[in-house]
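Chemist: Here the sequence shown is numbered in the UniProt record's numbering, starting from 1 and rising by one per residue.
Some clues are possibly wrong.
[Unchecked claim] Per label pair, the in silico range of CB-to-CB distance:
| hint | residue 1 | residue 2 | range |
| --- | --- | --- | --- |
| 1 | 27 | 416 | 46 to 56 Å |
| 2 | 433 | 137 | 27 to 37 Å |
| 3 | 452 | 416 | 56 to 66 Å |
| 4 | 412 | 79 | 48 to 58 Å |
| 5 | 322 | 118 | 27 to 37 Å |
Don't read these hints as lab results, they were simulated from the structure. Source: prediction; values computed, not measured. Here a beta-carbon is modelled for each residue, glycine too, at the ideal position from N, C-alpha and C.
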Amino acid sequence: MFVLKDKIDVPLYIQLYQQFREKILSGDLKSGSKLPSSRKLCTDLRVSRNTVDMAYNQLYSEGYIISKPRNGYYVENLDFSSVHITRETFYEKPAVTDNQNTLTQYDFRYGKLNQFELPIDQWKKLTNKCLRDFADEMTIYGPTFGELSLREEILKYLQYYRGVKCTADQIFIGSGVHYCLSMLCQLIRGTTTTVAVEEPGHHITRLTLENHGFDVKPISLDSSGLNVKELSFTNAKAVYVTPSHQYPLGIIMPISRRLELIEWAHKNNSIIIEDDYSCHLRYNTKPVQSLQSLCSDKVVYIGSFSKFLFPTLRLSYMILPEGMVDKFTRMFDGYPSSVPFVIQKTLELFMKEGHWESYLRKTNRMQKKKHDALVENLKKEFGDRITIYGMNAGLHLLVQVKGTMSEEELIERAYMSGVKVYPTSKYWKCPENSLDSTVVLGFGGITLDEIEPAVKLLNKAWFECNR
């Protein structure tokens, strides 16, 4: 007996094919058994003749059945005694209701952007131009470091806005920050077994370093950022920092601490890996020049377009000190670029025609409005019952709620009220040192009008429901 369901995302002919296949594999249909005629089967199952023919053709093409002229289809003579049979499972489509999609009304997910704030039309036009005008360039693998013309555009931008000191030959284009970091890990593996990181810091950065076999040493932070004195007591020959806006606490490393860190690098013949992830977005404060601009020979500088343009672009860049370029070139000679040519060329045109700077100005204004509105509404609703970290840059805030609720309870209560917030404990290598009762609120994907009602729901979830 065959049962076909029309409320699942599997075509009827595939369902029929899979049920026949299962019966053949399990022995329910013996070798040599004749299959029902397609005319009879389509009548019994109330499906089209074409559905049955397509199922039979698939079984025939895979060798499960044979055709005898003017006599129909028969099960092939096969031995399946050593085959493990897995029964096919079909899932019905859920009934559609007005609020069926999700309980969530507002999502403070970090890393998400609002599609209506992105330059999709411009990007589409430039992509079509690339496909039309540069088709021949897409027939070959790209250079290891990425397209030179894009690296030159990146260089002009970074020299003007971040004060970096390098040439285009020192810029490597990779598919995401952690891809760049993975390449760097292979480069420095012979010079150190230990890499120091900020505590707290991005958990994927820590995982990337650990996956490459490094002993990762967490270094505590104070009001000026990474504690260099604590760093000096380790055997690390490399340190990963986010000095322009520490992730996730938002600390800006002052010039005195930067000089102290540079002195450590020179004294110990070590490198500093500078992740300048939030350099594009700053609010209510003036941008801080990059650490690389102070010490180009000891700093590996990493940045990204993905976080503020399109996350799925997976396009980042890494500036190597001049003394590391030759070794990098030898190690990865012949590796094709990990970023597709059409994406690199589209970004090049996007920058060359002035769209990137225009978009940055526009998105800075919009994200500043959302940042300020979120801070204002949090203070208005919660007052001194919360502490806010990470203000004035980037696309997230950390909110520590005073009281006895755990991180897990805060997240669960918010979710049941229609708001998604996210954990912070994963940012600590030693979770016992993490901030109690603290969650992440990313505001990149939420609209300005959604902020006030979302914060009101959080207040209701965390405090009013206790009354």
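Chemist: Using the beta carbons of residue 452 and residue 416, state whether their distance is inside 56 to 66 Å or not.
Modeler: Violated, since residue 452 and residue 416 (Cβ atoms, about 20 Å apart) do not stay within the stated range.
Chemist: Is the hinted range of 48 to 58 Å satisfied by the C-beta distance from residue 412 to residue 79?
Modeler: Distance hint for residue 412, residue 79 holds at roughly 54 Å.
Chemist: Should the hint that residue 27 and residue 416 are 46 to 56 Å apart at their CB atoms be regarded as holding?
Modeler: holds (50 Å)
Chemist: Taking 27 to 37 Å as the hint, is the beta-carbon distance of residue 433 and residue 137 inside that range?
Modeler: violated (50 Å)
Chemist: Can you let me know if the beta-carbon spacing of residue 322 and residue 118 is within 27 to 37 Å?
Modeler: The hint (27 to 37 Å, Cβ to Cβ) holds, given that residue 322 and residue 118 are roughly 36 Å apart.
The earlier numbered hints that this structure contradicts are 2, 3.
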